[in-house]
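Asks: Please construct the entire structure, taking both the sequences and the accompanying hints into account.
Now for the letters of each chain:
2 protein chains.
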Amino acid sequence: MRSEELGETLLPKRLALPIFASDPLSSVAYATGEILLVLTVGGTAFLYLTPWIAAAVVALMAVVVMSYRQVVHAYPSGGGSYEVVSKNLGANSGLVVAASLLVDYVMTVAVSVASGVDNIISAFNGLADYRVVLALAFVVLLAAMNLRGVRESGKAFAAPTYLFIGGILLMVVTGLIRVVFGDNPQAPTAAFGITPEDHKDTLAGLGLLLLGLRAFASGCTALTGVEAISNGVPAFRTPKAKNAATTMAVMGITAVVMFVGVTVLAMTSHVHYVENACQLTGITGDCNSYTQQTVIAQLASTFLGGDNSILFYFIQAVTALVLILAANTAFNGFPLLASILAEHRYLPRQMHTRGDRLAFSNGIIALAVVAGGLLWFYQADVTSLIHLYILGVFTSFTLSQIGMVRHWNRALATETDPAVRGAAQRSRVINGLGAVTTALVLVIVLITKFTQGAWLAVVAAVLLWLMMRGIRRHYDAVSSELAIEDPREESAKPSKVHGVVLVSKLHKATLRALGYAQAFRPDTLEAVTVAVEKEATDELKAQWDSYEIQVPLKVLDSPYREITKPVVNYVREYRRTSPREAVAVFIPEYVVGHWWEHLLHNQSALWLKSRLLFTPGVMVISVPWQLASAPRADRPARRAPGAVRRGEPAPVKDVPEPQKI
Amino acid sequence: MRSEELGETLLPKRLALPIFASDPLSSVAYATGEILLVLTVGGTAFLYLTPWIAAAVVALMAVVVMSYRQVVHAYPSGGGSYEVVSKNLGANSGLVVAASLLVDYVMTVAVSVASGVDNIISAFNGLADYRVVLALAFVVLLAAMNLRGVRESGKAFAAPTYLFIGGILLMVVTGLIRVVFGDNPQAPTAAFGITPEDHKDTLAGLGLLLLGLRAFASGCTALTGVEAISNGVPAFRTPKAKNAATTMAVMGITAVVMFVGVTVLAMTSHVHYVENACQLTGITGDCNSYTQQTVIAQLASTFLGGDNSILFYFIQAVTALVLILAANTAFNGFPLLASILAEHRYLPRQMHTRGDRLAFSNGIIALAVVAGGLLWFYQADVTSLIHLYILGVFTSFTLSQIGMVRHWNRALATETDPAVRGAAQRSRVINGLGAVTTALVLVIVLITKFTQGAWLAVVAAVLLWLMMRGIRRHYDAVSSELAIEDPREESAKPSKVHGVVLVSKLHKATLRALGYAQAFRPDTLEAVTVAVEKEATDELKAQWDSYEIQVPLKVLDSPYREITKPVVNYVREYRRTSPREAVAVFIPEYVVGHWWEHLLHNQSALWLKSRLLFTPGVMVISVPWQLASAPRADRPARRAPGAVRRGEPAPVKDVPEPQKI
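Chains as they are written, first to last, in UniProt numbering: chain L, 1 to 661; chain S, 1 to 661.
I should point out that these hints are in silico values taken from the structure, not numbers from a laboratory. One should not assume that every hint holds.
One copy or two, it doesn't matter: identical chains are merged, so the pair holds either way.
As the list claims (entries may be wrong) - Only pairs whose alpha carbons sit at most 16 Å apart, straight line, appear in this in silico EDC-like list of lysine to aspartate or glutamate:
no., residue 1, residue 2
1, Lys-505, Asp-476
2, Lys-508, Glu-489
3, Lys-493, Glu-581
4, Lys-496, Glu-581
5, Lys-505, Glu-490
6, Lys-554, Glu-539
7, Lys-534, Glu-343
Replies: As structure tokens, this is what we get:
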């Protein structure tokens with residue numbers, strides 16, 4: 001029954017591809033544009049570099065995909081780069097990867113949403129003034145959906161992702177056929193000239209190299225999200241590793257075909273795409289209010305029937321949708337990584353265990369707030385945001401490939417079977433190549449992007465790294481503080497238990513607390529009330545007698561209408577005179593069904609409880625009274641975001657209803 | 001000992017005056033200006049109305065002070081208007097007063113801070129661009145001080161308030177002497193002409209009446225805060241009522257003298273003060289960037305030696321300081337009123353009892369946020385804010401005077417002693433006059449200010465009124481739900497208690513929980529752990545055996561790494577099979593000393609606990625383990641804001657230190 005259930009939830013390849021690939025494939029929507037943007041700094045003179053840079057990106061993509069296929073086989077548990085690096089290069093390096101990935105999740109949200117909005121604006125120019133508002137609205141929407149517990153589902157992802165792939169391929173094929181058959185349509189921006197930025201028209205030598213490297217670094221955005229599958233191996237059907245590796249290959253090939261297709265069409269149709277619209281010459285009106293269409297939009301318009309064709313709107317719609325889905329993956333991936341980090345005690349422990357909705361809610365809100373802040377600060381400008389993006393990606397690429405090389409070294413040290421050795425040696429070569437290549441890219445990205453904003457990502461990652469190390473140190477300290485030295489001595493029991501039932505009024509909840517306390521039969525038992533108002537206390541005493549309650553009632557004085565202090569004093573005084581007795585304080589508590597009822601009930605009890613717990617030898621017993629509204633709130637936690645990627649089944653309503661006494 | 005202590009804390013009249021009067025006296029800083037502002041709508045033509053309007057305000061002040069002296073004598077418990085109206089006109093009318101007063105506290109903060117900043121800018125013109133920032137900074141400062149628990153103290157209030165009174169009186173006396181002896185210095189703005197606003201230069205008849213009424217309504221700001229003493233009678237030394245009434249008279253006379261003095265000087269020196277600086281003719285430069293000095297500043301400059309004299313800066317400094325102190329009184333008065341409302345169950349119960357710092361913190365933050373929002377929205381413009389202010393003040397004036405008339409009617413219905421009857425009849429005449437007068441002013445304010453912003457205050461008060469009624473209804477519903485019908489049946493005890501100790505690891509805290517549970521001797525006892533990871537569970541079992549722990553350990557399955565659900569299911573299942581047994585779940589809990597440690601510990605336990613409490617027949621026992629850092633946080637709550645006004649003594653460190661076992 002249970003394994004069947006699991007089987008149903010696990011993902012077939014056709015559903016796994018869209019879930020894991022919406023993020024990497026969606027990069028196609030902006031990667032080509034980012035390359036052109038850098039090259040046009042020097043006018044149209046350096047656009048001849050485009051194919052070379054695209055080729056380098058494709059080669060890099062092939063290397064990275066091949067490398068990660070090795071990871072999938074070697075670490076099918078789904079820990080991804082973090083696990084690989086932690087196991088092979090040590091905890092601190094693993095933490096570097098973790099910090100980089102956390103930063104990257106933020107950037108995935110920011111960049112994907114910004115690019116999605118860009119594509120919406122390309123179709124509806126009138127929305128250009130609402131760029132930031134739209135972007136923030138999408139972030140809020142995604143956060144709200146994930147807070148409400150809307151689950152990722154393979155089917156929901158499948159349609160938009162396959163429509164996006166299909167749409168782009170349709171555009172590429174149509175375009176190539178038209179070009180091959182001599183009809184060579186030109187992009188709307190082909191007629192515009194481009195003014196080079198100052199001093200950039202004489203680029204040569206080192207300057208030209210730097211320009212090329214910067215364009216290449218920007219193009220590397222096409223690789224973001226490639227590692228997602230390596231984190232999600234447990235979600236695949238068996239044979240998990242093989243299926244995951246196959247899906248990864250399909251994803252890589254699809255991404256390359258789409259990227260190359262888009263880039264080739266952008267070249268033949270002479271798309272002119274610049275960082276600052278005022279570089280364009282020949283546009284009518286004020287260049288500051290001119291909104292550039294994205295490369296995808298220009299190509300769709302050029303090759304699929306112009307700015308008003310149904311296909312143009314279709315391409316823009318699925319592009320925007322896939323980008324928003326890509327942003328959503330971060331909302332799922334973030335808690336997943338956080339959960340693993342929490343397991344290793346680098347993040348608060350409760351993030352590890354399922355069922356604590358609060359922990360996930362905090363993560364989702366934090367992600368949304370930081371991503372929203374960046375979108376607002378950078379005015380939802382894709383290019384500015386991308387400067388912060390790729391650094392973390394390549395940090396984790398590089399470290400994980402180095403880790404894999406070490407992994408194979410270790411495996412080869414003990415392995416004797418020649419066939420296995422051969423496979424391992426081949427894998428080591430692939431990962432070694434991956435390590436060298438991605439390290440090179442990392443250096444290029446650092447050099448070309450650091451001052452443009454990447455420093456901010458570095459600072460954020462360093463702070464996260466320090467925080468996680470601090471948390472781990474704290475947990476270690478507590479752990480050694482709690483370690484048992486002498487089990488016999490430390491299990492010493494108090495000789496007696498003195499029960500104290502706190503009473504403010506006599507009602508059903510108080511009677512229940514008294515009854516439970518009596519059933520417990522502590523060695524001694526008394527009820528205690530604080531005399532805040534004389535009349536109320538007198539009434540309580542009279543009722544106490546008339547109900548013939550067998551527990552003696554003690555009245556504590558409170559000249560200043562305080563409740564906490566007299567009770568705490570009384571308990572501490574009791575402990576002082578009877579240090580070998582434990583004091584058990586019974587507090588009647590209301591269980592409520594609406595969130596606002598929490599504000600109206602139990603606050604004094606909670607405060608009192610937290611104060612009492614400072615006293616050794618005191619335990620606090622909540623005796624609940626379920627108000628009529630309580631069952632409203634009696635529901636198990638929603639499923640945590642990221643569950644599908646982790647291969648966890650859908651929740652079954654398997655908590656039995658409570659029964660009334 | 002205790003009464004001595006109380007005696008020391010109670011306020012002598014000389015300290016009570018500054019504490020309670022800083023708010024009403026500070027109104028002198030803006031009342032005259034607000035009258036002039038309205039009259040100059042018609043150019044200089046209608047300034048001849050000034051003395052008549054000032055006289056009306058003085059008469060009103062006399063009536064209100066006399067009326068509230070009756071309140072002080074009749075209701076020395078310090079409930080003020082809210083108590084008077086609730087007791088005499090019913091709970092719903094009382095709630096109208098309460099809602100008005102809550103709105104007024106917000107407006108006191110906003111108006112006083114705005115006016116304080118205005119006076120600072122009058123001395124340092126360069127700060128004009130930072131008006132809103134300065135105002136918000138002061139609100140943040142006041143909120144922070146009150147959150148930190150900085151107490152009001154008579155002495156801290158005394159110096160600025162007396163210096164303010166002394167300074168203004170010095171200015172008035174100096175000015176009058178100079179005028180009487182023929183030296184008639186003119187204000188810096190006397191030379192400016194005033195352009196009437198459109199269509200206002202032909203005012204006559206009804207239009208003129210309306211202008212006069214509007215000016216009068218604005219001048220009534222001089223009365224804000226007058227009722228403060230009637231809320232603070234318990235803080236006075238005995239004979240409390242008499243001392244409070246005397247202080248009230250002194251306050252009224254001081255306020256009248258200051259207000260009349262300032263107004264007379266403003267007239268003789270021809271201060272021209274307008275709503276929009278562009279009405280002024282003859283100023284140099286752009287009128288939009290011209291900053292008008294406040295009336296106080298103009299007078300100080302005119303009569304005390306010009307814009308650079310030490311006395312000018314002194315007057316501006318004490319004026320600004322007293323206004324900020326007036327804003328601070330709202331931070332003290334708000335929790336005081338909230339506490340009384342909570343006692344009557346119109347606000348969350350915990351606001352009533354002392355020692356719950358959280359409740360006060362929320363109140364302080366709410367007050368600061370709303371006042372800050374208004375300051376930001378109205379750009380810290382005193383005049384705009386004042387439109388929202390006086391409505392609530394006069395609503396509570398009117399209702400409380402009507403209530404007092406009803407109070408005397410009742411007293412006279414049973415009283416036979418002719419001397420007492422005579423006194424009551426005199427009081428009734430005074431309060432009747434007060435009721436009629438303030439009702440008239442209320443109508444005037446409503447008519448002249450409603451569309452200018454007062455509607456917002458009305459909406460806010462209505463919403464507060466509805467919320468408080470809703471809270472009361474909820475508490476009443478819970479109260480009847482909990483009412484005991486059959487004490488014998490409802491005290492039925494469970495037949496047995498089954499103890500369950502939750503264990504995740506074996507450490508000192510677990511051993512303590514086991515020891516306490518054993519000391520309690522429930523009828524049956526077991527330890528329960530959730531198998532999240534197999535290795536950890538195996539290790540736990542091995543330790544369990546090696547430590548020879550006598551309690552049997554049960555392992556619950558958890559295929560999806562959840563903790564909460566398996567435990568809840570287990571407990572509910574137990575209750576299903578043994579419905580007459582109560583289940584006592586022992587949870588080891590850490591007591592920590594730093595706020596951030598809360599994020600790292602106990603979160604899973606808290607969530608589990610809240611889920612368990614939904615099941616009837618289950619009680620949850622927190623067995624605390626005090627971490628080494630815990631004593632840091634073991635301190636009683638800070639004293640609540642408003643304590644001095646309530647006559648509560650300073651806190652004594654009387655909670656004994658906990659002892660180690």
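Asks: Now look at each hint and say whether the structure bears it out.
Replies: Checked hints:
1. Lys-505 x Asp-476: Between copies only: 14 Å across, 45 Å inside.
2. Lys-508 x Glu-489: So Lys-508 and Glu-489 pass the 16 Å test across copies only (10 Å; inside, 42 Å).
3. Lys-493 x Glu-581: Within one copy, since 9 Å is at most 16 Å while 25 Å is not.
4. Lys-496 x Glu-581: Answer is within; shortest intra-copy Cα gap is 5 Å, inter-copy 23 Å.
5. Lys-505 x Glu-490: Classified as between: cross-chain Cα gap 15 Å, same-chain 39 Å, threshold 16 Å.
6. Lys-554 x Glu-539: within (14 Å within a copy, 47 Å between copies)
7. Lys-534 x Glu-343: Between. Shortest inter-copy distance 14 Å satisfies the 16 Å Cα cut-off; intra-copy 54 Å does not.
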